[in-house]
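*Asks:* Protein chains in written order, with the numbering used here: chain A, 1 to 780; chain B, 781 to 1035.
Don't take every hint at face value.
What the hints assert, rightly or not - Partial pick of chain B residues on the chain A-facing surface, computed with a CB cut under 8 Å:
| # | residue |
| --- | --- |
| 1 | 862 |
| 2 | 878 |
| 3 | 907 |
| 4 | 956 |
| 5 | 957 |
Simulated from the structure, these hints should not be mistaken for laboratory data. As the structure is a prediction and not an experimental result, all values here were calculated from the model. Built from N, CA and C at the ideal position, the CB exists for glycine as well.
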Amino acid sequence: MFWNILKRDIKRKKTMNVILLLFIVLATLFVASSVSNISGVLGGIDHYLELGKVGDVNIVTLGLDDKESIEEIFEDKDYVQDIRIDKLIVLASDLEVNGVKENPNTPLITSLEDSPFTFYDINNEEVTKVEDGKTMITVGVMDKYGWNVGDTLSFELGDTSYEYEIVGAIKDATFGSTFIGNTRILLSSSDFEELCSNPSAYKSFLTAIDTTDVAKVREDCAAINGAQIFPYSTIKMTYVLDMLTAIIMLVASIVLIVVSFVVLRFAVDLSVNEEIREIGIMKAIGLKDRRIRSIFVIKYMCLGIVGSVIGFAASIPFSSYLLKSSSHNMVLESTGGILLPLVSTLVVVLIITAYSYGCTRRIKKYAPIDAIREGQTGERFKKKKGLRISKSHLTTTGYMAVNDFKSAPKRYMTVVVAFALCTSLVLTLVNTVTTLRSDKLAYSFGRTSDVYMNITSNDSSADLLNHDYLAKVLDDMKDTLSQNGYEAECFADGIYGVSVNFNGKDQSLRALQGINTSTQDYVYYEGVAPASPNEIAITEPVSELTGIHIGDYVDITTGDRTDSYLVTAYFETMNNMGECIRIHEDTDLSEVTLLGTLSMQISFNDNPDKETIDERIEDIKVIFDTEEVYNAAQFVDLTTNSSATIEGVAYIFLAITILVVILMSILMERSFISDEKSEIAIMKAVGFKDSKIVLHHVKRFMLAAVIAVVLAIILSIPLTEICITPIFQSMGMKSMTFEYDFLKIGLIYPLIVLGTTFVTSGLTSLYTRTITSRDTASIE
Amino acid sequence: MKNILEVKDLCKTYIVDKRQNNVLKNVSFNVEKGDMVAIMGPSGSGKSTLLYAVSGIDKATSGSVKLAGKEINSMSSGDMAEVRLNDMGFVFQQMYMLRNLTILDNIILPAIESKKSNESKADIAKRGQEVMRKLGIIDIADNDINEVSGGQLQRACIARSLINSPEIIFADEPTGALNRSSSDEVMEQFIKINKEGTSVMMVTHDSKVAAKCKRVIYIVDGNIKGEILLGEYSSESEIRDRERKVNNWLLELGW
């Protein structure tokens, strides 16, 4: 009997069952593939960093000529298990590929044969040889600039020009993540030696240390002048952006499961309503509640099993595609096999079965007579409150739509909840992209300015890494601008490696000092700006790492000098994942080697508006013969290097939202039509035209969609702040101020959702034309 | 008197399992303005089909149906909807109303949708209340449709059919789902409406209901087998005689 009921149900409610099945397929597909992907990426990052021989502590030292001084520090330490030192040449000049000049992030030249680190090609094969005259470059950089195998890379070092043929892309575990995005250039040993012999070559070392005590090694690093420390955890964290797609897909699958449940609840409710008479008959002939409920549960379990099997099968190629897209910068293999996706698929089936059992609970409440009366409980002589057509200013169809919504809000809330949930997630991602492409975050990379430009000097790398020399370059910039009619301040944030001692413990930290600018020009969220040369500001991550707070005195070693400094303020920065201190501009660091600067900055004296700045940027490009001149928003976008990825994910979410809107609109509208067949026939019998009935149905959906979209817009703002702030906090921010593009979140994206609803519900409601006034004769 | 409905050679054929089922076979009759006609016949004789075909609820296979001089069989669905809205009223055996609207809103909905008059919604509501008052159901104006009795609901359906002052009201066994006292109440309303000038054509099984009409048409197997003119009645005491007369006539025709 059950099989017959099931067969009849599948035949009668074909559309609803197919759509429900689709939701289950999608939910399983997303859950299984994203679980597999996340487990692959999470486990895979460690595996990849191990393959790439990344140390527990990784140290970059600039300007050293020999590695013995580093080895000496660590050689007798019992907590140091292994030490690997790679000699690098840091290039400050532009790279030229096929005649086009580019200035990618910190080019580091390495000899493959001499390097203790392992690099992989795009097929995840270990790179073992680079021939003379050839080079291999980090895959992310190759992609970013559109460089291809066979292109010619050239650069200048002093007066000498060098040329190499690009023979492949490499994956670099230490510096190849999207967030760091450094440019590793692999050369043959003899080519590298040739470069080293050039007196303009700026040499440095990358040291990887395997240790049982990270904290002690970090303390030891304080002895290395100008060391930049990258603990394993920091390098792993920099892959957060590479995991973003996987994480967001998991969120998408959770949303889809929630939507599937909402749809399931609606479908079960509708089924129970339609079968109420049968339920009454079954009860009247003595069938137990559990037996009746099992008919419904078996149906949804069957749908769950079929949908999950299809979803699981589809998840295998889909997860390998996702893993491939996540592992562009990494060597990843699926670590969990099919076990994890299989378990998650079974969980989906179990949840759907349990949930459908819960949804059928109200069958228990029915007595046979209630069911036979089709849920009507007799006459109730009370007045209906609320809307009246005679007092409404709406059109007839508009009034009926609003009245339907008001009379049965629960059934429309299904649409509202599902649409609002999906849309708010899209808007949250849009808000994140907007913020990353705005100047809102410019202060987190130093003093905000009108223009940011890369150093385009032909001076040697070593010269540019000197405070006084850089100050002179900035002064020259200011003069050049003045000669061209622009009065402006030119400044930069110098980055130094310093050793900080507090409570007897040393810590090697990154220090920032404004060149041609003052500490007063920066933003602090607590305390007062350092006002004298022996005052500093720190970040919260530094406070957590060292235990230093405002009011503490710390000893800081800069070069050969050690002085006492008072901590006066907290500031926030995304530089070095927040592990930075800010030193007063009058503190003498002229003898300390600069590790670099983020950018040369220009701030016009006449406070021009954004349009004027953009116009001036075009002039500046000509004046300094460089294309790499940006406004604050472009600078933030370039530095965070993640808006395109998040935007891509936002588009995926938008596609999912559109799919949900389409499927739900079809499912709900078809259900409503089937439920309201008699009403449609009556409306036609009393003289309503087809078009009016279609309009009535479309307006109901549009009303639900408008409520959903308004809710989504309102929700997206706190949702952005709650969900996205922690990501930025993990990168060093204390708090976040988001930028909202109300044209996008208030108009463009809502219009896409509303347009989809309008078209889908409009097309589906055309089905009402098949119902005629004649059907009043066949109403049961 | 002028004909409000002219039916000529009306045929209705259904194809079921490739077999032709001729439900109406060349039916011809007229309904004069102000007439009150009962259609009677055994189950399956085609009386409801006839009512649906002449009222435009269903399309006839062939033949002509003129309502107030307009041929409805050749009308587009949009024009037909206009006719249903403005020129006729329909009362079903089941008391079909839109469940999310109050009784009053259900009644005035066709008037608001109609462009027949330029009344404001408030005036239409007043008119609706007036019709309800006439039919004795003003107390349930703001009730839900599941909060009233069957008789009240059927009177509400009659009120809805009257709201656009139609030329003719079609009723498909309007008392079929009602008890005797409710049935009498509903028939009283039809007679009242008819006396005010609206033509009424109804299908019924009940000879007591038919006895209150001015004319009875008997239909068997899709053909009109006969008709009887009863005329108006002046007092309730005549009903019993008229009912007896109808019953005898039906017996003669093989009922």
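*Asks:* All the hints need checking, so say for each whether the structure fits it.
*Replies:* Status of the hints after comparison with the structure:
no. : hint : verdict
1   : 862  : holds (7 Å)
2   : 878  : holds (5 Å)
3   : 907  : violated (10 Å)
4   : 956  : violated (13 Å)
5   : 957  : violated (12 Å)
In the structure shown, a violation is registered for the earlier hints numbered 3, 4 and 5, in ascending order.
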